[in-house]
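Undergrad: Heads up: the protein sequence lines correspond to chains A and B, in order. Per my numbering, residue 1 is the first one in the first sequence, and the count goes up by one each step. Per my numbering, residue 1 is the first one in the second sequence, and the count goes up by one each step.
The set of hints was computed from the structure by calculation and includes no laboratory data. Treat the numbers as computed from the prediction; the structure is a model and nothing was measured. Just so you know, not all the hints are guaranteed correct.
Stated by the list, open to error - Here are a few chain B residues that sit away from chain A, every Cβ distance over 10 Å (derived from the structure): (1) Pro30; (2) Met149; (3) Tyr165; (4) Leu176; (5) Phe179; (6) Ala236; (7) Val255.
To be verified - Stretch-level coverage of chain A by chain B, calculated; a stretch enters the list once three of its residues show a Cβ under 8 Å from a Cβ in chain B: (8) 66 to 74; (9) 100 to 110.
Just so you know, even glycine gets a beta-carbon here, dropped at the ideal spot from N, CA and C.
Each chain, written out:
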Amino acid sequence: MKFKPSFSFCCSAAAAFAVSLGAMFFSAAATAADNEYRLIIQDHRFQPAELVVPAGKKIRLAVENRDATPEEFESHDLNREKVIAGKSAASIFIGPLAPGRYRFYGEFNEKTAQGVIVAQ
Amino acid sequence: MFATAVIVFREVLEAALIVGILAAATRSVPGRGRWLAGGLLAGLAGSVVVAAFTDMIAGMASGIGQELFNAGILVLAVLMLAWHNVWMSSHGKALAGEARSVGRAIEAGSQGSSVLLVVVGLAVLREGSETALFLYGVSASGGEGAAAMLLGGAVGLLAGSAVGYALYAGLLRVPLRWFFGATGLLVLLLAAGMAAQAAHFMIQADVLPSLAAPLWDTSSLLPENSVPGMLLHGLAGYDPRPAGMQVVFYVLTLVTIATGMKWAGHSIKKGKVPY
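If we strip away everything but chain B, and leave its shape as in the complex, we get:
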């Protein structure tokens, strides 16, 4: 029971942190609840399908299908997060209270944030498929009773969701004038972490060189399976033993998106964005 709860918690936590941040970032989007629920449901349905076809996916591209699939999903999510952040930088001021009308702010917010709901689906898809496989394995091997498995799964799911919700509730308490800055920064770190993870999968598949692995080792200082390690991994892509290529991806993504945000925000300061 306990082992099941821990594993489900670990998988759920990663998705829950992402959903928590994105739910906060889309607070001004009308009908956001429905979009979020749609993203969650689509992700869950997709994860069952992915779990069922694990063999087939793994067998594609001569045995590295699973890595390419994961890397592909991550890169797609990074692109959407990047677009969201750059977009928000050019419209964030308006959303933060200078909008001529509430209606305009809502309309602007929905355009910039609708992509985030796709990211919710992708995050749930990735973590959900592993959880589905694990639970299937537990139930098929009959090591634990069905009741114990369900209970463990439920405890893990609730605990993981609770952390995600706490993050969401905490973010909503951030004063509006810092709110978009805060969510923007969190989304930026999420994107960089995901890019590094994509690199990790491509190194594992041997389609990218590792460039020194590991570049450093902080596993004794802050282990990956400790609670702070897990939180930092989920929020900012913390990896105690990163390969050089992962760091390259992380920094490049961070710099590229931050530059895009600055550039987009700059044209506002000069009064170039017509409202």
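In isolation and in its complexed conformation, chain A is listed as follows:
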């Protein structure tokens, strides 16, 4: 027996991986969070700059960028990053969070775009 991983071996392995990944997708059964909180980006600032959310629950942040330029929502505390194009909206799922303060910022305009999520 000789072992010679061929390209077709690679492809079938890839296919197997993709299938199992797909299975995970659906078994994970995306639990749609009904807890939706809105954040608005305007003039490179977040509104509100302080957002209070319940602790221990999964939350959907609906971020609307009213500026013409793109922004990147970034938070090391929440371990999230997402680019939001100019004049568009995006969803970011966070939590369940332990009670506390979680800072976030707009990476593309860090000087002004600062905010904090307070979980309680």
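Add chain B to chain A, keeping to what the hints say.
TA: Coordinates of chain B only, in the frame set by chain A:
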């Protein structure tokens, strides 16, 4: 100027580390320079296109298109890195000097390594599109002069590339008998880190459960935005606050590829690979 340089540096660094490792790993591939340049150029061109269509990508799959797109690219890269490593394990010995002829080693190396050049393109695509968006934002908002922006971008690009090149040059100094082991290990860690990052995007999109988030928090010990944190993130997927699912992906990928490498290397030791 400074802020622009820092952000561009951060994005470039991640891609540069990957390119540095892969450029070293493909040292024996003939015409590798052209392949690398091709991967870089395709990645750059692609990143401009992706940046231009950010809205559209983000809007797909009911708002989680961006995450799925990123996760998809990462999973594709992981598969290619995995295949490369398993392949190298079954041929690495030959490449390390036991080849009957130089020609055979070169031929074998080019087969095993050509996929890596696609990974170069994917890495540049991912990091490049964010950089393009950022620079577009800076120029469109007019906060900084065009000259300052260009200068900042150039400084960030050069600094990031310099780190990648230093890694490449350092790897080439590794003695040949350890060379494939060293690049193999680095590629293995890259792949595991990318798999964890793919999981991260799928958690953010809420298509995967987080399984305890964060599992631990080492952000005060080694922050992600410190230089060592950034290097470790780029090289081995360091995340100071990983979700449980990220760790699962990391370990599974690591174990799966390492097992594949061992298995492939084993059949050589028993003399089963005919040359």
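Undergrad: Could you run down the list of hints and mark each one as holding or not?
TA: Results for each hint:
With a least CB separation of 19 Å from chain A, Pro30 of chain B remains clear of the 10 Å interface cut-off, as annotated. For Met149 of chain B, the requirement that its beta carbon stay farther than 10 Å from each beta carbon of chain A is met, with the minimum near 12 Å. Interface exclusion of Tyr165 of chain B from chain A stands, the closest Cβ pair being 26 Å apart, more than 10 Å. Residue placement check: Leu176 of chain B keeps its beta carbon more than 10 Å from all beta carbons of chain A (closest about 23 Å).
The claim that Phe179 of chain B lies off the interface holds: its Cβ sits roughly 21 Å from the closest Cβ of chain A, which is beyond the 10 Å cut-off. Non-interface status of Ala236 of chain B relative to chain A is upheld: no Cβ of that chain comes within 10 Å, the nearest being about 17 Å off. Once the 10 Å rule is applied to beta carbons, Val255 of chain B is consistent with being away from chain A; the minimum gap is 14 Å. With 6 residues bearing a CB less than 8 Å from a CB of chain B, the stretch 66 to 74 of chain A meets the requirement of three and the coverage assertion stands.
Check on the stretch 100 to 110 of chain A: 4 of its residues sit with their Cβ under 8 Å from a Cβ of chain B, so the three-residue criterion for coverage holds.
Comparing the model with each earlier hint shows no violations; every hint is respected.
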